[in-house]
Amino acid sequence: MKNKRIFKDFQASKMSLNIYTSPLLAFVFVFIGEFVAYTLYGISLLALIGLARNFGETGQAFAAFLQILQQSLMDKTSDFRLILELLSFGFVLNTVFRWTRKVEKRPIRTLGFYKENFLSNLLKGFGLGLALFLLTLLGLVALGQYRFESIHLNPYSLAFVIFTIPFWILQGTTEEVVARAWLLPQLASRTNLKLAVLISSLFFTLLHAGNSGLTPLSLVNLFLFGVAMSLYLLKTDKVWGVAGIHGAWNFAQGNLFGILVSGQPSGTSLMTFLPQGNQAWLSGGSFGIEGSVMTSLVLLLLIVYLAYQLKKENERM
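Counting from 1, position 24 in the sequence shown corresponds to residue 23 in numbering that gives the first Met the number 0; the numbering is continuous, with no gaps.
No lab work stands behind these hints: they were computed from the structure.
This structure is a prediction, so every number in the text was calculated from the model and none was measured.
From the three backbone atoms N, C-alpha and C, an ideal C-beta is built for every residue, glycine too.
Do not rely on the hints blindly, as some may be mistaken.
What the hints assert, rightly or not - What follows is a set of in silico ranges between Cβ atoms, one per label pair, in the way DEER data are often shown:
id, residue 1, residue 2, range
1, 63, 20, 46 to 52 Å
2, 45, 116, 20 to 26 Å
3, 76, 34, 20 to 26 Å
4, 311, 41, 49 to 55 Å
What the hints assert, rightly or not - Computed cross-link-like contacts, DSS-like style, restricted to lysine-lysine with a CA-CA straight-line distance of at most 27 Å:
id, residue 1, residue 2
5, 310, 101
6, 234, 75
7, 13, 1
8, 1, 123
9, 193, 1
10, 1, 114
11, 1, 75
12, 123, 3
13, 310, 3
14, 3, 75
Work the whole structure out from these sequences, hints included.
Structure representation (structure tokens):
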């Protein structure tokens, strides 16, 4: 399995970290990227507000509008806050890119950004992500754990939901690059592949440890998602597919179906589905569907299928 291109290309790296320091550095990537993003947001808003006030009544009106946007950042359901949060992942991704090019001295494409069939791989992953989430949601609706509440077909909702798609793909791409495309080859260069998958999946789980509504089952599901995405990355040998799956999964729960994304609200949605009943292990409770045993089942089925496919591929070689 280590003959995959993403592992072979890692050999060009001028720096190989051990199994302890590589996950720590991955956390540093996230911290630096988010720190730069939110510092830049804060300074930019304050500077624009101060500048606008110098341009008469029009400037004062614009400054007042910017202050409203600034205050909306305190509201977890704010659409403006959601876009800035998703955009901040771009700063994290840029941090990884800079490290890869400047320190490891290898091209960005070696992180799995191979050009051939990139769009079809991304779209296939996005479609699979939507299908996996829809399967999970329909299962919970059939069991009486979720109910359809409302649909919002007004122009703003439609436009905003479509507008969020590239931002969710950016978010999914970033997490997959940090936890899989960058970290997995680092780990695999120092240990066996199975342990590398387990460590990278544990890292992905811990990355969400501060989210609200966290339960033991949601931690298990985060770990299972990490394993599934690792296997899909190994199967496709590109980052595009897992980026599409991850982005679509979060987009579907947040802005398509109006469900909490890993315990976090996502602003305006096209539809609203609400949990019902008092069985949090089944509905996911305040963490959302990702805390449900139905998600565990869907992810386990995906893992079994991918493991079988990889085993067959390995036997043919």
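Hint check:
1. 63 / 20: 46 to 52 Å: The hinted range 46 to 52 Å holds for residue 63 and residue 20, with Cβ atoms some 49 Å apart.
2. 45 / 116: 20 to 26 Å: violated, 45 Å
3. 76 / 34: 20 to 26 Å: holds, 24 Å
4. 311 / 41: 49 to 55 Å: With Cβ atoms ~52 Å apart, the hint holds.
5. 310 / 101: violated, 36 Å
6. 234 / 75: violated, 37 Å
7. 13 / 1: Holds, at about 19 Å.
8. 1 / 123: Cα-Cα ~24 Å, so holds.
9. 193 / 1: holds, 11 Å
10. 1 / 114: holds, 21 Å
11. 1 / 75: violated, 42 Å
12. 123 / 3: It holds: about 20 Å lies between the C-alpha atoms, which stays within 27 Å.
13. 310 / 3: holds, 14 Å
14. 3 / 75: violated, 41 Å
The structure shown violates the earlier hints numbered 2, 5, 6, 11, 14.
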